[in-house]
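Enquirer: As a plain string of letters, each chain reads:
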Amino acid sequence: MLQCIFLLSDSGEVMLEKQLTGHRVDRSICDWFWDQSISQGDSFKPVIASPTHYLFQVVQEGITFLACTQVEMPPLMGIEFLCRVADVLSEYLGGLNEDVIKDNFVIVYELLDEMIDNGFPLTTEPNILREMIAPPNIVSKVLSVVTGNSSNVSDTLPGATGSCVPWRAADPKYANNEVYVDLVEEMDAVINRDGVLVKCEIYGEVQVNSHLSGLPDLTLSFANPSILDDVRFHPCVRFRPWESHQLLSFVPPDGEFKLMSYRVKKLKSTPIYVKPQLTSDAGKCRVNVLVGIKNDPGKTIDSITLQFQLPPCILSADLTSNHGTVNILSNKICSWSIGRIPKDKAPSLTGTLVLETELERLHVFPTFRVGFRIMGVALSGLQIDKLDLKTVPNRLYKGFRALTRAGEFEVRS
Amino acid sequence: MAPPAQSQRSPSRPQPSGKSEVSDLKLQLRQLAGSRAPGVDDSKRELFKKVISYMTIGIDVSSLFGEMVMCSATSDIVLKKMCYLYVGNYAKVNPDLALLTINFLQRDCHDEDPMIRGLALRSLCSLRVANLVEYLVGPLGSGLKDSNSYVRMVAVIGVLKLYHISASTCVDADFPSILKHLMLNDSDTQVVANCLSALQEIWSAEASTSEEATRERETLISKPVIYYLLNRIKEFNEWAQCLVLELVTKYVPSDSSEIFDIMNLLEDRLQHANGAVVLATIKVFLHLTLSMTDVHQQVYERIKAPLLTLVSSGSPEQSYAVLSHLHLLVMRAPYIFSSDYKHFYCQYNEPSYVKRLKLEMLTAVANDSNTYEIVTELCEYAANVDIPIARESIRAVGKIALQQYDVNAIVDRLLQFLEMEKDYVTAEALVLVKDLLRKYPQWSHDCIAVVGNISSKNVQEPKAKAALLWMLGEYSQDMQDAPYILESLVENWDEEHSAEVRLHLLTAVMKCFFKRPPETQNALGAALAAGIADFHQDVHDRALFYYRILQYNVSVAERVVNPPKQAVSVFADTQSSEIKDRIFDEFNSLSVVYQKPSYMFTDKEHRGPFEFSDELGNLSIGGELADDVVSAQRVEENDKDLLLTTSEKEETRGSSSNDSAYTAPYDSSSASVFASQTQIESAISNPTAAGHSPQASLAIDDLLGLGIPSVPAAPSPQLKLNTKAALDPSTFQHKWRQLPVALSQEFLLSPQGVAALTAPQALLRHMQSHSIHCIASGGQSPNFKFFFFAQKAEESSNYLVECIINTSTAKAQIKVKADDQSTSQAFSTLFQSALSKFGIP
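For the record, the sequence lines run as chains A and B.
Residue 344 in full-length UniProt numbering is what sits at position 344 of the first sequence, and the numbering runs on without skipping anything.
Residue 256 in full-length UniProt numbering is what sits at position 256 of the second sequence, and the numbering runs on without skipping anything.
This is chain B alone, in the form it adopts within the complex (with noise of 0.2 Å):
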């Protein structure tokens, strides 16, 4: 126990000092043990109140535990709570000591009154000390068959606190049959709800070493267990019933006249008072109808009003954990809430974090329709007195710019808050009056007008002063005053703190001198001078850089710093959809709270045992190699809708593997991904002898090469790889196991290539468009991990990746295999032009 350092804190208090406290209770503990005087139980009761506060504010009285149990023979029910509480807390640093209550506890356990029969074997079996499981399995075995409910159902859950205490012992006992049988059979249905969430538990964690308990995990999810457990739904309670509706996500109906069985059995569960049975209810919909488009799309629909009211109701802790899920079915499906946009409008005293999920949602949903209100709402926020939100809300006015064709009104709207005054209104809109022009070139007249006025002076943000040099250097023609604002601030050069600032300030005054040489040319002198005396590398090398183009040739100087440039259609998605995907997976769960797959949030060590799911997280790579290999058929198809893709993927999923992550979670081959997996992991893990040497020139090369194009003169490739190549995870990791590592090479990125990589998706489709496909892959900055195959063109011959990566020392891994040796050198060389191209447009 941590000391009670709060224990200052609340004076009113008598605190004990220390050990002379506790050793007075010891005393007076001693003193009643014996006594049986009449109104003794009243002042046991004190004491032992006494022993528990402390225990509760911390301090440690486990010196009393024989005295305790020596008291603990009573009748009365508030004195054994109160012991068995104690017991419960100090019996595992306590094991010698704790033997001394199994006595009155066994005997309690046969008490007449079922009260106290259950509370006791609660409390035996919370002792959770290895060497008294003997003790336990008696209690349990009577506990199990007692005829009142209120013990079975404590005895169910004793089981399972048993197996996690001695696994064997309870396996031994044959207790998980006794569970299955009680909970086909019990009339009560806590009881078989306990049972149910017991064996998910046992044989979860059985599966991995025996056959027989993956069966009968399977069996959990068969069709007679789930339909039982339908069928009594309601007279279960609501946390049962959450249990039980988690359960059947995972079954898999045979047609789609038991999907809509199932729905309509359940559809009255979404006007239940407890959210989590109504969330729980929704992703059964969602997971039953994701084969069938058209039915997805009406459970959208039917969804959306008990989502809408469960985020208006209830506590601000309850509506953001609905809120999140709202957002990830928003951004899936806006359309389909595009109507219902004024329940994302932000209330004035919401946390910041509810209306950040709101300002998203309302621009996910902003259509032809609803852009007018939306943006007019947006533009309040602009004004609010929470800066924070106020940015946001101007950015999503942005977003919502850039996703419309019709940006007439939003033109003008951003425009009004450049005339603000408003330091960080004006910041944020001059950003996006930059990306605004990049993508709407056609609207340069309107805005440059309005952003010629603004005084640079007024602008101090990095970014907003950036973007107001990139309209200058572009637009240099249409501003009247460009050349002369850009020498002023040439001027104070030295007062520029941001590095970023100056190489754009360097790149405005090259543009501008190439359209109006004679009015710059002091400027970019003076700009050329102070950039190369800088002491900022960047800044110095592009500065020089400059000076020596300009020297070697002035027109292809023009041509380097003043392209044609092309609209920019679109911007890059910071999520990509595959990670939402998973996070649709995973609905009802942390992940949606998170936005984030679980596989890079939860602890390994803490998943195996307690949920199917989890389990599946656990093979992260075995999951996703599945999704990933439809994620290449995905782009094939470049179809953008997410309502389809999903559905599509789980179609391929159906059809190309059993393993994906639940059309058939209990399939036996997702376990013997897992082995494999670890197989792989295994085999890598061994440091093949192959060197490193020959990457050392190549390495070298991209260094110099300073990251322009350093593409290792890609030697003119003989090797040609099949662009749909195609392969399925179980053959992989079956090649994985067989074939032999040809090559294993150590090599540098190129530095762009390492920012690009902030997740593992970025990396895929590049590599996707160099016909090198990705089959796997996981982690976290700085290190990630993949799991690549191409195949030759014309000949079914594999090339296996496995290319390890780490952004801080901007190394990467790879090891190669092949089913035709002869030719992994020059596949690796073609990988690795590959890869050295990534980040670079």
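Here chain A stands alone, though its shape is the one from the complex (with noise of 0.2 Å):
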């Protein structure tokens, strides 16, 4: 039951106001809002309770989305709401920023109209959204000159509204069928300060593109459904095959959407290793970090980088690597970028660290946030086994790739 909607801008600005109910939220909280967002910085929690409202707050891209309701309600609706909101918008707009908003504000608030009515959620099935509002891309705009029809809202309502399958615009029609899979994962860990892998799962997504002419029923199989710990679908996934064999058996929305998440817990080794080694005395602080692939995943692993907070108390740090460039960047992060790991050498970061005057050895130990990517696998070892179509079209083309990325993968020193 939300009564009242903000859009604020990266400086507090009220971009849009959006009243849901008959109790007018007055804008002012707003700027009790921006004041408390600002003397909080980061302990400033998602829900809130200010002196007349509780308030939600979702910030995507340095725009805040601002809901107030005075009563009680389940939270994670208000957020995962907001969260649609925003993913709607940045749809629609292609990226959120400022401008972009203020461009298309009547837009935004013919969208917010549709996905929410006296502050209950109606849709927000981008699908169908895009039948009623058109978005203001440049298609639109190019036929608009063309037919001289400006309007950029559809004569018809959507077919699927009535349909039992509210995620599918009515039958689409395409002259190639297209149907790409992703799997796509982030591995989190965790290294100790004594070099044990204390924690090590995949969080995964499997993000299909569809286009595919009519009502196709999809059926997705894997070679090894038994290493997933949980998973989560798309609405469309019917649960009853994913039960009995596994199976993910869908009638897929049309174009790009998340079909599944999943977790897969224990994992036993991480692709590469980091190796830091910080010693301390008579105020300085030597240190030495080793960079190296420890199990070879098969596929390049590229974008490496490496992060690393300097502690307060260090006056100034001299930090040079044998491959790869290192920045310190004013907010005292120290950004390490190797790349690929050549095959000649393993890179390290070597330099010390000046402690401040009073200080003899360091005691607070910065942690390092490393990030790689790996095109071509999906280090859970989850394999697609086959995609089925119950009905083929002519001129079918099925795709299907992997991608591992780090998540957040941190090594403590």
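To be clear, the hints were calculated from the coordinates, so they are not data collected in a lab.
It should be emphasised that the depicted structure is a prediction, and the values quoted were computed from it without experimental measurement.
A few of these clues could be false.
What the hints assert, rightly or not - Here's a subset of chain A near chain B, in silico, CB distances under 8 Å, partners left out:
hint: 1; residue: Gly22
hint: 2; residue: Ser43
hint: 3; residue: Tyr109
hint: 4; residue: His363
hint: 5; residue: Phe365
Yeah, the Cβ is synthetic: ideal placement off N, Cα and C, and Gly gets one too.
Got two chains here, separate frames each, mind docking them using the hints?
Expert: Take a look at the structure:
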């Protein structure tokens, strides 16, 4: 039961206000909110209580989506909804920033109008919204010039609102039928001070991009579904086939969507190693970080980066590497971009940190955050077996890809 | 609208300085109004856009109302939408002008395009002008019968909007029963969902005045309706699913096979991509199985994985909301999550509020098998860049140490902290070592050796200093140079700014003196002299007290200062289990995020009409009646298992009374509780004649007693109370209404009592030990309100007490009602003596 939604720019300016119920929420709440957000900084929670309202906030790409309510309600519903609003707007407007929202505020109002009425969310399916309100893309601009019809609102109501597959628009037609399945995985790992891998797991998503005519019925199977620890599905996935045979049976939405997300726990190793060594005495700290391949995944590991925050007690730092570039940013973040690991040498970062005058040794140890990307491999080991269509259209193209990147991959020193 | 204070911030955009632009727009709009020239729509659109953009940045463009309406005769749907938006925004402040719009909106309601029909109807209902409601009924009525589901969906919400403008018009037009028919028969699930949300609101609001509405509201959670909705749940969109699931939590299945049917039907919802649906499903599962302990536990096992996945996916905001719920469950049933402790490891760049929740969970799930890993992990955080988190982690290590019986490894770790030479680490560790020693005196030897090496100069924080002083005093026997450290501290008396530390210093010197008199005598003399000269009242008083007691009798002084101490077995928990249970009842709501039950934060006026559960919140006292009766029973059973207690509570609730929060939320008795509650309130607000004078002497006694057991010579209680008194809330309500006020008094509380009364629950337990039971409580510092009852032993004569305590003025007001009026004075004395002992250990 949301009462009002505000969109704030990154300077706290109210860009848009949408009142949802008879209880009008005064704009001054945004000033209160902004003061709080400045004074609390990092510890500003997404769900807070103001003197008059309870506030939900979601920040995406610098835009704050702020919703107010005065009644008890499921907090996740408020937050999920704001996230969906952000996603839909970003999809419609091709990204989110202050200018694009100000230039298209009429569309934003129209969208909000269809997404929520009287404080209760209606539909947030991009497919359906797109049928009601055309996105302001170049194609429709060109069309409007050609046809002279400048309205961005379709004259027909979406057929799907009444259909039993609410995520799919009424029968699209394609000359070339294509469906692409991507496995995108993120590896979260924690390696502790003693070099022990304390936690390593994969969060993965199966992303599908489908351009298929009619009402296609797809079945996707994995070679090794048993490794999955927990799965979440797009509403289009039928539950029973998964439960009995671990088959993903579904009628896909048109276009891109997230078919499934999953988690694989307790992985035993990481593709690369990072070995930081910090030894300090007499007001200086020597740093030595080694990076190398630990378990060759069979494909190139690229975009390897290493970042760490220099402790506040450090006066100056002199760090060099034998491969890649090292930068120390203004906020004392040291960033080392390695790229690929060369065949002939192991990349290393060495140097000294000078501590504050009265300090003998370093007591606060930085955490190294590692980034990498491996194309063509799903590190969890999950493999797609096959993708079947019930009625195969002519000229069907199926494509599969995999990608693993580092999520929250941290190495403590 | 607020003045556009922010408008200067974006100089890139020309901002209207004020009236001239608006009047310029007005002129242009006027020119376009009558025009039928080709391309006029495009120029109108530009103008409308400008108007709306001014409105958006907060400039008052309401003066254009007339012109906007004139221009609204158009077939362009974007223009229409902008116009609707404008009209919706300003109609409320311009009710007269709003009349102008009615005409074109009504016309649009009959447009052949369903989209325009819907939009017009939505705008029409959003005008929210009371004197225009007569124009709403017609379009709404035809909207509800429209062939297009989009229009019906809009019309249903329109009915709700109408209800909020004018409830009587809505009810007179018989809209609620049309909605009910639609809900049960419409083919479109969005229409059904909208009907459901509208009817919930309307009938909850009506329920207070109309019997029929109460009945209707109950039919919403009757078996046929619930099953009808459940069977179609997959057709609903995700948000509507949340709504249905919320309704299902209020449904009380008749037997366990029904429970399993519902759970089987909903199991796949746990795999839904929308976190809100998952959480709503979890709530249904938890509530359905409350009375089935073993199944309840299986539910925990089942929901674990989806919850953990939700935490690790999605935006940080989403994971925070999920994590708050996970936190609640972990705190209730830590052992179920003990193998998943790695999920609660903190990541470097998580916000600190997330880390804090995780630290608490790590502390809770620690058990014999995982303590080593958890403590190792926590110790790494102690070297964290984020100092508050580093502190919290050390505290967490300490808490784990206090939970576990095998503290061997932990003590070593804590002692390593002491050697880290980082001031805040040392400070936290000192406090912990002190607590640890109070619980495990057997470790004193190892600890004291390390503590002795700490230079008191490196300890600056008052809490840590106090802890160090406590150890110096307590273990002066084992620390070679304790007297000398104390002596040097006494010499620097004036530099010590914290009164707490000075108090501890005094006591430590005293303790040390009794153990090693020759070495400490000088320091003691100096300390007492400095203490008596101290400007801080407490320090002065304590020094004087020590001085006099030493003068009076040294051995008595030793017994006072250095009595043999027993190891502390359990440290007081900060949040009572009653509150935790209460929050659990409100799973999937804001309560969980705030870690407070909703009655502590939601504003009363905003609860009633919106949600059923909110309405219960309104009855905060009424709702708690049941809780507290049960809590009384629970304490007797002394059961620490939260999972079990809840289910027991559920059973007791079910059997003892029907007005519990969710066994029967629609039970009409809850409404009657509410009604009677208001009567109680009004009865109480009548100032009763009984004077306050008899209490004056008591209050003075209390003051003079300086808080030292100042129990006003508890009259050898001729009046004996039944320790296991039981009274169900409805009887209480009934009696309270019937009986006259026998006694009304006001008196002062002891300072310790005030200090201890941070939450109502603290007092409840205390009073219970005096055979006075609480039936309802509420409020927040400084104002608390309690209803107590007691029964005479061997006789079913009841005493009912209303007690209002204001901790800022330390005043307590009581009103006593009794079956047997003649003993009410005796009871009151008993009550006061019990109350005055509160907070005094």
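Enquirer: When the hints from earlier in the document are held up against this structure, which numbers fail?
Expert: none
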